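These protein sequence lines map, in sequence, to chains S and Z. Each residue of the first sequence is one higher than the last, beginning at 1409 in this note's numbering. Each residue of the second sequence is one higher than the last, beginning at 1409 in this note's numbering.
Simulated from the structure, these hints should not be mistaken for laboratory data. In this text, all values refer to a predicted model and were calculated from it rather than measured experimentally. It cannot be assumed that every hint is accurate.
Put simply, identical chains are the same to the list, so a pair is met inside one copy or across any two.
In silico DMTMM-like links for lysine to aspartate or glutamate, alpha-carbon gap of 25 Å or less [claimed, not checked]:
1) Lys1533 <-> Glu1432
2) Lys1436 <-> Glu1565
3) Lys1515 <-> Glu1598
4) Lys1564 <-> Glu1545
5) Lys1485 <-> Glu1445
6) Lys1614 <-> Asp1594
7) Lys1485 <-> Glu1545
8) Lys1435 <-> Asp1594
9) Lys1436 <-> Asp1569
10) Lys1436 <-> Glu1545
11) Lys1435 <-> Asp1512
Protein chains: 2
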Amino acid sequence: MARSTTISMAVIRRLPRYYRFLEELMKKGVTRVSSNELATLLGLTASQIRQDLNCFGGFGQQGYGYLVEQLHEEIGKILGLNHMLDAILVGAGNLGRAVANHLDFGKRGFRLSAVFDHAPELIGKTVRDLPIRSMDELDVFCRTQHPRLAVLCIPKEAAADIVSHLQSLGIQAFWNFSHYDITLEDAIVENVHLGDSLMTLSYRMKHPNE
Amino acid sequence: MARSTTISMAVIRRLPRYYRFLEELMKKGVTRVSSNELATLLGLTASQIRQDLNCFGGFGQQGYGYLVEQLHEEIGKILGLNHMLDAILVGAGNLGRAVANHLDFGKRGFRLSAVFDHAPELIGKTVRDLPIRSMDELDVFCRTQHPRLAVLCIPKEAAADIVSHLQSLGIQAFWNFSHYDITLEDAIVENVHLGDSLMTLSYRMKHPNE
Chain S
1409 MARSTTISMA VIRRLPRYYR FLEELMKKGV TRVSSNELAT LLGLTASQIR
1459 QDLNCFGGFG QQGYGYLVEQ LHEEIGKILG LNHMLDAILV GAGNLGRAVA
1509 NHLDFGKRGF RLSAVFDHAP ELIGKTVRDL PIRSMDELDV FCRTQHPRLA
1559 VLCIPKEAAA DIVSHLQSLG IQAFWNFSHY DITLEDAIVE NVHLGDSLMT
1609 LSYRMKHPNE
Chain Z
1409 MARSTTISMA VIRRLPRYYR FLEELMKKGV TRVSSNELAT LLGLTASQIR
1459 QDLNCFGGFG QQGYGYLVEQ LHEEIGKILG LNHMLDAILV GAGNLGRAVA
1509 NHLDFGKRGF RLSAVFDHAP ELIGKTVRDL PIRSMDELDV FCRTQHPRLA
1559 VLCIPKEAAA DIVSHLQSLG IQAFWNFSHY DITLEDAIVE NVHLGDSLMT
1609 LSYRMKHPNE
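All chains should be built: construct the whole structure from the sequences, respecting the hints.
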């Protein structure tokens, strides 16, 4: 598969949506889909879809469309979902437990391998069959098990210190739910700001004619 | 304040970040900030910041910068945070409760006014001091209290039916956490796909040199 070398983040952020919609089509027994049909489903234009997929070498045939299962599998490979990396959850409060329970990490390229919290009353309870460990165990765990991703569900005040400590322990990427922007040049970061999403809704509801 | 008429979603999505960073500066006692300083904080360029704020009439003075508190207040007004709309939470499972507890809706333009679930064992428990109500009460509540936003933390299978029912009850906007894309032309929707964010991380970690 030919592949262009620089792919924009905008294209990359659309890939998970393609992947999900193709999975839906597979469940419905659809085997072939045109770029026009995909476009209608996704609310994009057919030419944008063709352009996006062409970044990865293109998969469709003129006048024939895409084979749903094949395209789903190829996008999964591009997303790296067939190659599991170890992840840890730091912060097992309401949000941390909800994120861990809500999402199947294994379907998205990660193995959730340990959960940490500093609250004594949580230690020993379980999240997705994983025991919640004391933060005292974090260093040894990371040095022996080498997890690559940390999911951060901790208070804002604690975030900056924990992030640099986790980096020193070999964590390369952060999925950050704390109300704190991680801005690191030498790490991969997804900041999930739920509050920003809510404020965007506020704007859109209060300026309905734009 | 002069205001250009069409403002792109990209600009709108940056406003909450400006708002948060300005709040941080206020907490640190900073009263004035240049577009260069803001740019460094936010990881944007100074000219992009000036362009964004010019969409709303511009607030800074050449060579003087922005007054932090004033700009914070103005952006808050643009986001509509001073004008509360009623919101309901539908689905008080792990994720629903975590979202309600994690976020201060009042600081983001909404008043969380009721919580609904269909599970008998949850009815009567509380989330943020609100009793969890039976779904049987939903229609009467909406018809008498006229909430405008529904926060959906329900299983994918239930989402399509509930969305159209909520629309018929006058709900105008959806903050959707279910694994289902709401695509409605006559409603305002923010789909929060945590799984997509995780798959994006998978891509970025497995193609580190892009």
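Hints, one by one, checked against the model:
1. Lys1533 <-> Glu1432: neither (35 Å within a copy, 35 Å between copies)
2. Lys1436 <-> Glu1565: Answer is between: at 14 Å across copies they meet the 25 Å cutoff, but 46 Å inside does not.
3. Lys1515 <-> Glu1598: Classified as both: same-chain Cα gap 18 Å, cross-chain 23 Å, threshold 25 Å.
4. Lys1564 <-> Glu1545: Intra 22 Å, inter 37 Å, cutoff 25 Å: intra-copy only.
5. Lys1485 <-> Glu1445: within (23 Å within a copy, 41 Å between copies)
6. Lys1614 <-> Asp1594: between (39 Å within a copy, 15 Å between copies)
7. Lys1485 <-> Glu1545: So Lys1485 and Glu1545 fail the 25 Å test inside a copy (34 Å) and across (46 Å) alike.
8. Lys1435 <-> Asp1594: For Lys1435 and Asp1594, neither the intra-copy (40 Å) nor the inter-copy (28 Å) Cα distance is at most 25 Å.
9. Lys1436 <-> Asp1569: Answer is between; shortest inter-copy Cα gap is 18 Å, intra-copy 47 Å.
10. Lys1436 <-> Glu1545: Close neither inside one copy (46 Å) nor across copies (34 Å); limit 25 Å.
11. Lys1435 <-> Asp1512: within (18 Å within a copy, 38 Å between copies)
The structure is inconsistent with the numbered hints 1, 7, 8, 10, although it conforms to all the rest.
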